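**Student:** Chains as they are written, first to last, in our numbering: chain A, 61 to 414; chain B, 469 to 755.
For the record, the hints were derived by calculation from the structure and aren't laboratory data. All figures in this text were calculated on a predicted structure; none of them were measured in a lab. Just so you know, not all the hints are guaranteed correct.
To be verified - Simulated restraints on C-beta separations:
id : chain 1 : residue 1 : chain 2 : residue 2 : range
1  : A       : M61       : B       : W665      : 44 to 52 Å
2  : A       : Q409      : B       : S659      : 40 to 48 Å
3  : B       : M662      : A       : W73       : 21 to 29 Å
We put the beta carbon where it would ideally sit given N, CA and C, even for glycine.
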Amino acid sequence: MAAVRLVSVEKRWGDVTGVARQSLEIADGEFMVFLGPSGCGKTTTMRMVAGLEQPSSGEIWIGDRDVTDALPKDRDVAMVFQNYGLYPHLTVGDNIGYPLRIRGHSRDERRAKVLEVARKVELEHLLERRPRDLSGGQRQRVALARAIVRRPQVFLMDEPLSNLDAKLRVSMRAEIRRLQAELRITTIYVTHDQIEAMTLADRIVVMQGGVIQQVGTPAQVYGQPANLFVAGFVGSPPMNLMPAVVQDGRLHVAGQAIGGMPPVGAQGIELVLGIRPEDLLLVPPDEADLHGQVYMFELTGDAVLVTVDIGSSRICVRGDRHVRHAIGDIVGLRLDPQHCHFFDARTQQRLASR
Amino acid sequence: MTAHVDLSLAAPLTKARRRRGQHGLRNAAIVLITVVWVLPVLWIMATAFKPPSEAAGLALWFAPTLANLFASFDVPYLLGSRLLNSVLVTAGTLAIAIPVSTAAAYAFSRFRFPGGSAAPLVLLATQFLPPVIIVIPLFVVFRNLGMLDTRLALVIANLSFVVPYATWMIKGFFDALPVDMEEAAQIDGASRLMALWSVVVPVAVPGIATAAIFSFVVSWNEFFYALVLTRDHAITLPVALMSARTEQGDAWEIMATMGLFIIAPMLVISRFVQRYFVAGLVSGAVR
Chain A
61 MAAVRLVSVE
71 KRWGDVTGVA
81 RQSLEIADGE
91 FMVFLGPSGC
101 GKTTTMRMVA
111 GLEQPSSGEI
121 WIGDRDVTDA
131 LPKDRDVAMV
141 FQNYGLYPHL
151 TVGDNIGYPL
161 RIRGHSRDER
171 RAKVLEVARK
181 VELEHLLERR
191 PRDLSGGQRQ
201 RVALARAIVR
211 RPQVFLMDEP
221 LSNLDAKLRV
231 SMRAEIRRLQ
241 AELRITTIYV
251 THDQIEAMTL
261 ADRIVVMQGG
271 VIQQVGTPAQ
281 VYGQPANLFV
291 AGFVGSPPMN
301 LMPAVVQDGR
311 LHVAGQAIGG
321 MPPVGAQGIE
331 LVLGIRPEDL
341 LLVPPDEADL
351 HGQVYMFELT
361 GDAVLVTVDI
371 GSSRICVRGD
381 RHVRHAIGDI
391 VGLRLDPQHC
401 HFFDARTQQR
411 LASR
Chain B
469 MTAHVDLSLA
479 APLTKARRRR
489 GQHGLRNAAI
499 VLITVVWVLP
509 VLWIMATAFK
519 PPSEAAGLAL
529 WFAPTLANLF
539 ASFDVPYLLG
549 SRLLNSVLVT
559 AGTLAIAIPV
569 STAAAYAFSR
579 FRFPGGSAAP
589 LVLLATQFLP
599 PVIIVIPLFV
609 VFRNLGMLDT
619 RLALVIANLS
629 FVVPYATWMI
639 KGFFDALPVD
649 MEEAAQIDGA
659 SRLMALWSVV
669 VPVAVPGIAT
679 AAIFSFVVSW
689 NEFFYALVLT
699 RDHAITLPVA
709 LMSARTEQGD
719 AWEIMATMGL
729 FIIAPMLVIS
739 RFVQRYFVAG
749 LVSGAVR
């Protein structure tokens with residue numbers, strides 16, 4: 061196990077920037093999730109740690125070794141690929157034992173270790189099968205077993221659950237978390253699925269356009285987004301973002317003046333108010349901070365999602381599952397100042413939270 | 469009395485009759501095509517065992533003899549040494565062409581380098597030149613090197629057309645293989661060469677086997693270069709056929725005997741490697 065350190069790492073292909081100059085430190089034994097939309101540079105960053113991509117500049121350290129120019133085989137990392145990357149001509153047992161065979165372990169030693177990790181991921185009865193005879197979940201477990209069979213210093217996982225169905229994804233997610241907690245191996249996990257990120261990570265790195273937008277615990281990323289991108293990307297439904305401005309000492313949100321909320325920022329500066337759907341309260345119009353008209357009403361089972369038009373903004377409110385509204389109803393919304401987030405509309409950076 | 473025709477029964481009967489007719493026609497076409505393909509082979513097989521006096525005839529019944537076989541191995545035909553030449557030239561060509569083509573195909577498929585996308589096309593474009601143009605410089609070079617009428621010269625000449633085609637065939641196969649697999653091998657501790665050998669090649673066996681079969685067939689049957697570049701010692705089987713055309717006339721029974729030796733490996737190969745060939749040719753068509 062070892063810490064991973066990226067020092068001013070950059071990846072360019074000609075004029076195209078895959079990853080802008082970035083630095084990051086991942087602690088020994090930490091479960092770090094790279095989260096972001098497609099093309100944000102998260103996979104490229106991880107591939108540079110693996111040695112599958114050469115950084116255009118910067119340094120990569122694993123433990124106390126500078127591995128920037130080291131071959132993948134010399135970095136002591138293990139990787140689980142999105143498409144599993146299994147060897148179709150080998151049996152499950154030989155797939156799991158491949159890293160040991162390449163490193164010259166004896167046949168008996170290999171057999172014992174393969175059996176040990178196969179038991180850990182409940183594959184011991186499938187060791188003689190070939191990958192094509194396995195289900196998606198079983199293949200993913202083979203890939204996991206192959207990664208843990210030699211206890212590497214760093215685990216790298218590139219969207220390992222994206223090819224599985226929703227139910228299997230939940231169980232495999234728990235499996236991965238349990239394994240990592242048991243082995244305490246430093247892990248970098250790439251995903252665009254924020255639920256995976258929130259449930260698995262010790263810390264999350266949110267990326268966009270090759271640039272790290274925020275690094276923090278899941279609670280920090282969700283509760284104190286560093287900028288408008290993070291605010292809009294993390295959360296389902298995402299955070300509501302409405303234009304706001306301070307005029308005459310009062311805060312105006314989506315064109316409506318709000319009393320009882322201390323103004324943020326200087327007079328006349330364009331702001332964006334962010335508030336999560338669950339932090340908004342549906343109230344009778346006469347008790348409300350904001351007024352709007354119901355655009356859509358959805359029952360999700362455990363809650364209702366009410367989409368409300370307020371001026372030119374369309375926001376989402378998560379309410380009690382017993383609440384009912386018809387499309388076109390006039391509703392009132394109360395904002396909890398504790399959960400309001402303010403961003404500078406120009407710089408898109410977070411200003412403060414109430 | 470009025471006759472009633474049950475149309476509901478007549479229609480299916482007509483359909484069934486038409487279907488039977490179509491089946492009959494189709495079977496007849498299959499038989500015809502099979503006969504056209506198989507008949508020359510059967511003719512060669514039969515003629516090889518006919519006495520010279522009956523060789524030109526089409527008689528189906530004859531007293532089989534091994535005299536042609538013995539005559540073929542004797543002077544002036546020397547089938548034994550010609551066969552050895554063909555075996556060595558083909559084996560030499562394959563022994564060099566397949567590893568070289570596999571390595572080249574892997575490089576073209578996986579590495580990005582200046583001119584990397586044009587290089588395979590240039591390689592293939594060299595094959596668009598007629599062999600009669602290429603054979604002249606080859607003849608001059610081999611003559612200056614003192615390599616005329618040697619097996620090595622034939623191997624080199626064969627490589628000039630086998631390697632480009634084999635490279636293209638194997639490259640197509642490599643292109644269809646996911647890169648994840650070999651990246652996984654590299655992370656698991658293999659060098660790139662070891663990943664190629666232990667992961668990529670075993671998975672690409674159908675494609676490599678297809679290229680090997682193709683290379684074998686064209687090398688075994690190669691006539692033109694062998695005709696121009698050999699005179700006596702390195703003559704291969706296809707050229708040896710010419711020796712059966714003498715001033716006394718064409719010795720069909722000797723040609724047929726030599727023909728047997730030319731087609732025999734094809735028949736053996738087709739029996740054992742058909743599944744690889746089919747798998748190689750259709751790979752990538754469906755996932």
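**Student:** Each hint needs a verdict: does it hold in this structure or not?
**Tutor:** Cross-check of the supplied hints:
no., hint, verdict
1, M61/A with W665/B: 44 to 52 Å, "violated (32 Å)"
2, Q409/A with S659/B: 40 to 48 Å, "holds (46 Å)"
3, M662/B with W73/A: 21 to 29 Å, "holds (27 Å)"
Checked against the numbered hints given earlier, this structure breaks only hint 1.
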